[in-house]
Structures are given as C-alpha cells and as structure tokens.
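One-letter residues, chain by chain:
2 protein chains.
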Amino acid sequence: MKQYKLCVVGVGAVGKEILRILKERNFPIASLKVLARSAREMELDGFKYQVESISHDSFKGIEIALFAGTEGEKGASVTYAPTAVKEGAVVIDNGADFRLKDDVPLVVTEVNAADVKNNKGIISNPNCSTIQMVVALSPIYKLSKIKRIIASTYQAASGAGQGACDELYSQTAEFLDGKDLTIKALSKRIAFNVIPQIGGFTELDYTSEEWKLVHETHKILHDNDIKISATAIRVPVKTGHSESIYIETERPLSVEEVREVLNNQPGVKVVDDIKGGRYPMPYQSEGTDDVFVGRIRKDPFVPEGLWLWVVADNLRKGAALNAVQIAEALIKDD
Amino acid sequence: MKQYKLCVVGVGAVGKEILRILKERNFPIASLKVLARSAREMELDGFKYQVESISHDSFKGIEIALFAGTEGEKGASVTYAPTAVKEGAVVIDNGADFRLKDDVPLVVTEVNAADVKNNKGIISNPNCSTIQMVVALSPIYKLSKIKRIIASTYQAASGAGQGACDELYSQTAEFLDGKDLTIKALSKRIAFNVIPQIGGFTELDYTSEEWKLVHETHKILHDNDIKISATAIRVPVKTGHSESIYIETERPLSVEEVREVLNNQPGVKVVDDIKGGRYPMPYQSEGTDDVFVGRIRKDPFVPEGLWLWVVADNLRKGAALNAVQIAEALIKDD
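Residue numbers (the numbering used here), protein chains in the order written: chain L, 4 to 337; chain R, 4 to 337.
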C-alpha cells in the first residue's frame, strides 16, 4: 500500500484533532511534518511532535498538506497553499478562504466524494455547521429534492478556537465565584448566555457564518435553487454543534421513510427514541465521529415540512475528521 | 381610587416575582394574602411576608387571585380556582390548565387586552415562550397577516422553576470541579449542554411546550389559520428566553417598516445595531420588562420571509409581569 508524505499546518484545536484522527484511522503515512508559526516540541495524548516553524521552504516533497486553518481571520493557506501546490502537494484546507472558488472542490465525503477528482491542487473542507447539515440532508435529498431550508444553530465555543473554549470555562468559573468576567476570545459574555452573532456581519445583515450555510450547501449538493436561510447562535457548550433544521421537500415525505434513509446512511446515527427520552445532545457527541439526528417530525400544517435536530462534534466531523476523510477519498484509487 | 383585596398563590420563582412587581407598579392593594402549601414567614427584598397555608377557606372576600402555577405538573388553580371564583374572585392563572378552555380568555395586554372582559371568573396567563413571541409579532401582524411561523427556542433554566435554576449553577460548579453531576430538577444534564425537550412528548412527537406556541398563539391572535411549527430547546442560561423566529407574511414587508412598527410598540425594545455589535442577549434581559427584538432581516430568497431574534425575561414579561398587567387591565375601567 502506498504511503504518503504529509504535513499538518496549525496545532490549535483543529490541528491537534487532525493529528489524533490520522493516528486513529491509520492513515498510510510515509512521513509527517507538523508546521506552525513557531517551532516547539508538543505532546499530545502521550506522543511527542516536533513542531517546525512554517516557511515557503517547508513543503518540498510533501504530497498532502492538511491546513487546519482558523475561522474569523485568514488561514495560513492564503499565504502557503500556492507554494505547497507548486511543490506538488494537494492541499486540504479547513479554512474559509478557498471554499467558494470555482476550481476548488468543497467536499463532504458522504455527499460528494467524487468531487475530489476535480481538484487543481486545493480541496476545501466546508464549515463545521455546513458539514453536519449536509450529511443529514443529503440522504433525504435523494428521496425528494429539498426546496427550502430554514435553520437555527446552537454552536459550541470550540468552533471559535481553543481560546474561546478556555474562556467558556474560565469565565463561567469567574461568574460562579462572583468575580468580574474576562471577555477576550469571544466579543461578548458567553457564561450563561447565548450570542446571536458568529462571524462578521455582511450582506442583508446576515453574518458570514449564516451565509456559509447557504453558499456551501448549494455547492456541496450541486443545487443553487434551494432556498436556504439561517440564524447562527453561539451557546455555552464546549464542543458539539446543534442545529434545529426545518426543510421543505418537493414531495411530502413520511417520518418513516426519512428515518429509514438516515438509518442506512454511513456517518449518520439516528437517536430518536422520545419514549425513552433519547435524542441527540452536544455533550454526548464530543469525541465521536457520527452526525446524530433526532426529533424527526412533520410540520402539522405543511405536508412538505419536516424538522430535524442535528448534532455533531464540530472539531471532528465538523473539521478534522472530514479533512482526513477527504485525504482518504483522494488516495482511494492510488 | 378603588383598592383591591388580593391573594397570590405560590411563592416559587414566579410567585416571588409577582410580589415584587405588584410593589414596583404600585398596584392598588387593600389587602394582600400570600398562600402556599405550608405556612411560614418569608423575606423578599427586605420585606416580610406571612405565607398562609392554602385551603378552600382561604379565598373569602378575595377580589383578585393571582395563581403563580407551575409548569410540568398541574397548578394549584385546578384545585382552588373554582372555590376562589365561587367566592367572587377573578382568578389570573399562570398555569397551563385553563389556557385553552373556550370560556377562559388568554391575554397578553399589548395584544388582546379587551379579551379580559369576556372572563367567567378565570383569565389565563400564556406560556412564557408564547408571550414574548406574540408581543413581537402582533404589531407586524397589523401590517400584514402572518401566514406561517417557524420558531426555534433557546429557553432558560428558570422556566422550569427555581430548582432547575439552582441546578444549573450547582451542576456547572460540580462540572468545573470535576465532580459527579447531580441531575434532579431537569431530566438531563444542563451544564454546558442543550436539551431538545421541554415538557412531555405528545401528538406527532412534538413536546407540550412546542404545542403551546401553536395553540396559544392561535388563540391570542384570534387566527387559527397561521401555520405554526416550533422546536423548543433548553439552554444553560439562568433567566431570559431567546427565540429564533422565522415568519412569512401575506404581503412582503420591508425591514424598515417592521422596525418602525416595533419601535412604536409599547413593551417592545428594538436592539438591532449590528455595526455597534448590539443585539438582544438573555443575560441582559434579566430583571427587565421589555421584549427585545433584533436580527431583523429578510429571507434572501423568499420575499415574504423574515427573521426576528426575540429575547425577554421569562419570569417577568414571560410570567409575573404579564399576570399583573392582566390584573391592571381588569380594573382599568373600575
């Protein structure tokens, strides 16, 4: 079996998770370089990694470069991906910078794995909130075209990076101790609060996060006609995004047929046992790979209307796992 | 000015808030009796209240009886309201038991104050999540009939009573201290989690909380044709319910005209300054009387579609304040 020369760029929350998942899934690695702004030794789950300082010379011989990227600011890929591609690597980028470019495939392997073949050197990993939504919706889309999506999200602090994650706990402790709150990583108080803003405000007063759900879903499902509109909210949860998703399909679907296609979908786990009090919750998704779907039910008044409650680990399926799955799809026929 | 013989039944989170608000608003009180299961002396904000043990003899001479009621189980009103009415009192009930009965007005004073006149002894206070929604939607409804409502809620722990409220803080402290979590008042972990169930599961796999938003809104707006569907979620916030509300109106409305009618609506405060990073957040609503509305924007693809983000203190406008406002409407023409 062919083995590959890899590099991982970034050792924040997502970068670390990529290193974990490469190991867990036994990705065929010939060599692994870990790059970040500054060189250092890093320990992760008992393993030591030599982190090298990134430069334009870092990519010689690299075949697959996984960029962990950060939301909110431009990723390292803007600076270094062209160099990596010139050196012959395929870049898999977790950042938002290249996602909507025409010659960059945007891939969720359960949905559009074949698109990896159309890459010109860069493949983008979608945004966390998009990934879990399209994994849940694509099997339904195959039953009947989806005409509309109206989504409200409940997004975890870790989606804003390690700093926001730490701040959730430290600020909550400050609150419980009656101390002044330190607000730094997130622009507003997150302890015992919800924040109706993720990303910056752009067209029509939607946030960048809300537009990602629109444009990325269009691109991944290859259907720009879906009427998608969303409200993205940060909640005081560490890891695990939740989404309250309302859809309208062309043909009215029964709960039973929706449940059946979701049960048969790799990467999806239906947790919808209301009599037993079981439904997806974010803290239970942490550290897992599946997209959990529950609260599947019809609109009482609109035959084509259907609700889903979709939860996934935003650092794993929402970022690192999906990036590694793209790498796996890329080497599949080698 | 006429003064009234009042009683307040229940001294939980809502009962206490009713006592506070009666004082704040200088309700014309001739006498005030505080009733609960067991007699005791209670101090609240530096004032002492003699709580009397409730019985069927408690209501002699009472003119207005405010029942604080509890969600999740039947309120004291089921047992005692008929007695209070027989004794000549008008009952204002915060519980769910009478809300949908034909001869019981369900009132939010900003919306349907005139309905108080149709009472046969009992007037119901709507559910917290309904109240803030109809306060925000009724001025829009006057601009154009609302055809559909698709809502996802972010509801605070205090909506489930004082015990849930206390558990949010104590369980969060346990979590941060690495201790085992005590789960008692709420059926699932609430610390750093969201729970996709409020109330019990009923028809079509919706929860009782989700149906309240449907039936109560129909009754208050006097329009059973509105297609309403909701997902109700508990979030780790102490007080202040938030709602992500999507509506479709008969006539497409502009953001400007919606903002204008909301600005002119008593009881509503528009907080929608995205450039300044200002929008409604639950922790800021705590202890206030207004229904805060922000994130007002059009669906990019559906001309009749519009989003609102609606936040209010669920114990005040969502319960106690609205009950006292009903009492004020009742005595207005005396």
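Be aware that one or more of the hints could be misleading.
Computed far set for chain L versus chain R, every beta-carbon distance over 12 Å [unchecked claim]:
hint	residue
1	Thr86
2	Tyr172
3	Pro199
4	Glu206
5	His225
6	Gly243
7	Ser247
8	Tyr286
Okay, the calculated bits of chain L under chain R, using three or more residues with CB under 8 Å as the criterion [what the hints assert, rightly or not]:
hint	segment
9	207-217
10	231-238
11	295-307
Taking lysine-lysine and the DSS-like style, the derived pairs with C-alpha atoms no more than 25 Å apart in a straight line are [claimed, not checked]:
hint	chain 1	residue 1	chain 2	residue 2
12	L	Lys77	L	Lys150
13	L	Lys278	R	Lys77
14	L	Lys191	R	Lys120
15	L	Lys150	R	Lys148
16	R	Lys301	L	Lys272
17	L	Lys301	R	Lys278
18	L	Lys191	R	Lys272
19	L	Lys241	R	Lys241
20	R	Lys148	L	Lys301
21	R	Lys148	L	Lys230
22	R	Lys241	L	Lys150
23	L	Lys187	R	Lys278
24	L	Lys182	R	Lys182
25	R	Lys191	L	Lys241
26	R	Lys272	L	Lys150
27	R	Lys272	L	Lys241
28	R	Lys150	L	Lys148
29	R	Lys241	L	Lys182
The hints are simulated quantities; they were obtained by calculation from the structure and are not laboratory data.
Using N, Cα and C, we set each Cβ at its ideal position, and we do this for glycine too.
Report task. Identify every previously stated hint that the structure contradicts and give their numbers, smallest first. Result -> Violated hints: 2, 3, 4, 6, 7, 8, 12, 14, 16, 17, 22, 26, 27; rest satisfied.
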